[in-house]
Structures are given as structure tokens and as C-alpha cells.
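Read top to bottom, the protein sequences are chains A and B.
With the numbering used here applied, the first sequence closes on residue 126, and no number is skipped along the way.
With the numbering used here applied, the second sequence closes on residue 148, and no number is skipped along the way.
None of these hints come from the bench; they were simulated from the model.
The C-beta atom is built at its ideal place from N, Cα and C for all residues, glycine as well.
Please note that the accuracy of each hint is not assured.
[What the hints assert, rightly or not] Heads up, incomplete: computed chain A residues facing chain B, CB under 7 Å, no partners named:
| no. | residue |
| --- | --- |
| 1 | V32 |
| 2 | P34 |
| 3 | R63 |
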Amino acid sequence: MPVREIRGWTRTTSLPHAPDYVRGVINLRGSVLPVIDLSLRLGLQVEEPTERNVIIVVDLDGRTLGLRVDAVSDILSIPSAQMQVPPELAADRGATFVRALTILDERMIRVLDLSAVLPESADAAA
Amino acid sequence: MVVSVAGETLVVPLSTISETLSLRCEDMRSLGPKTQVLQVRKTFVPLLDLATELGYRPPQEIEDGAIVLLINQEDGSRAALVVDDIADQRQVVIKGLNDNYGHVRGVAAATILGDGQIALILDPVDLLENATGISRPGAGVPPEALAG
């Protein structure tokens, strides 16, 4: 379970020479937390961050990152048997971030591949 | 030393600053189409707009009276950095960036200010090694210089 906590939006300090989806860094109880804008990273419509946005703090391979999302709507437990492998369509760039698909109340839920969301500069440094 | 640049707060290690001065336009000289130098007494030092070097804003005309930090590098070479304002001089606790993010060009580390905001600590040597020297508008900016 990579999600560690959920917190409200605070102003970020921008990082020079960072990709556009890296919003900057914030102060998380005394440590420096890089924040990635998930909608920018996934190539979705982007609005300027507001007070109502949420930062999901995740632990990935020993690194702690924040993901900016519009809102958190639910927490689900999905058995792995109900996870489907997504069909491969190279045309959709965002699809590379989807690890699995599942159906809930007739709605398709996409399971994010968090390791693919990491900024490339961080990948190079790791 | 705590300075502000394009709305961001930055910390410049005091050990690298030899002096601060107010820019006089008549001391500014063009070296090439893209680069400018500043005459400080009898010597010339490269003049860089810190906000442009960090990609915070596109190149713009440097105005008379702008605040300049004179940076002394280890090898004895010097450079002049234009900042918007000098806010404070204080000691800070260094927080690493590398664990969670990776190395950022021109940035040594980060620190947390009294209001809880994070300020980046500049690495002037690293910054000047990678400096584009673009400090004038319309000088042709490589895309990476404006990213972020």
C-alpha cells in the first residue's frame, strides 16, 4: 500500500528546470516533499490548483512523493481476481500509466501504475 | 542570504557572495548578442539574471538600480547575479532534495523558512557552470531554460 496520507493543498515552491508536471516542493512536517500534478502527468485537462485540491502522499521505492489530485472520492478494496489487464492501445499516451482495469457499479475504474508516474529526473537519480 | 526572485524565495550561501551592489546602467556592457558583462571597478564580470537562469521568467531588460550579488567562485572567477530583492540574512537548516527527487541544476538543497514555506538553496558554482548567459529579451532562449 504505497499511499501514506492525504493532505490539503498548500502553495508549492517551484523547482527550476523541472518538467511541467512537477509543481514544486512543499514542507511536510519538516521534510521536503516533491509534488507531481497527476492530471498534467496523465495528459488530462488541467486547472490551476485550488484550496480544495488534495495532495496524496505516497511512498515509492523508498522515496516519498506528493500527487496533486482534484479530490479523493472513495477507498476501495478490490480482489486481484477482479483486476483485468488493460488492452494495449499505443495511441493513448495516458494508457501507459494504467496497470489494471476493474468494474464497480457498472463503472470502469482504472488502477494507476504509480511507478510510471515518477518524474524522469528522479528515475535518473535513483 | 535570503533573496527573492520572480516571487520565489531563495537562499544564497553567504560564503560565495563577495559583495552586493546596485546596478548602474552605464556599467553594463554587451559582450555578444546574448551576453552582458558588468564593469566592477577595473574588472568585467558576466552579468546574469537569476530568474532567467532558473527558468522562472523569460529574459527581460535589466533595469537601472537592480540589486546585484557579486559571486566569488572557488577558482577565483566571478559573476554578477541580478535578484529582485534581498530579504534577510540568516542561518538555515539544510534539507536535502536528492532523497525524494534528485539533483536539480543550480540548486544545492532546500530549507524551511519561518512561515513554513520551502526555500531553495542556490549552488552558485553549479549554476554558473550551466549558465546560458541569456539576460536580454529576444536573445533566443533554449526551451529548457524556460521549462518549469
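Checked hints:
1. Given hint, A:V32 at the interface with chain B, holds; its Cβ is 5 Å from that chain's nearest Cβ, closer than 7 Å.
2. Annotation: interface hint on A:P34 holds; nearest CB of chain B at approximately 4 Å, less than 7 Å.
3. Because the smallest distance between the Cβ of A:R63 and any Cβ of chain B comes to about 5 Å, under 7 Å, the interface hint for this residue holds.
Violated hints for the displayed structure: none, as all numbered hints are satisfied.
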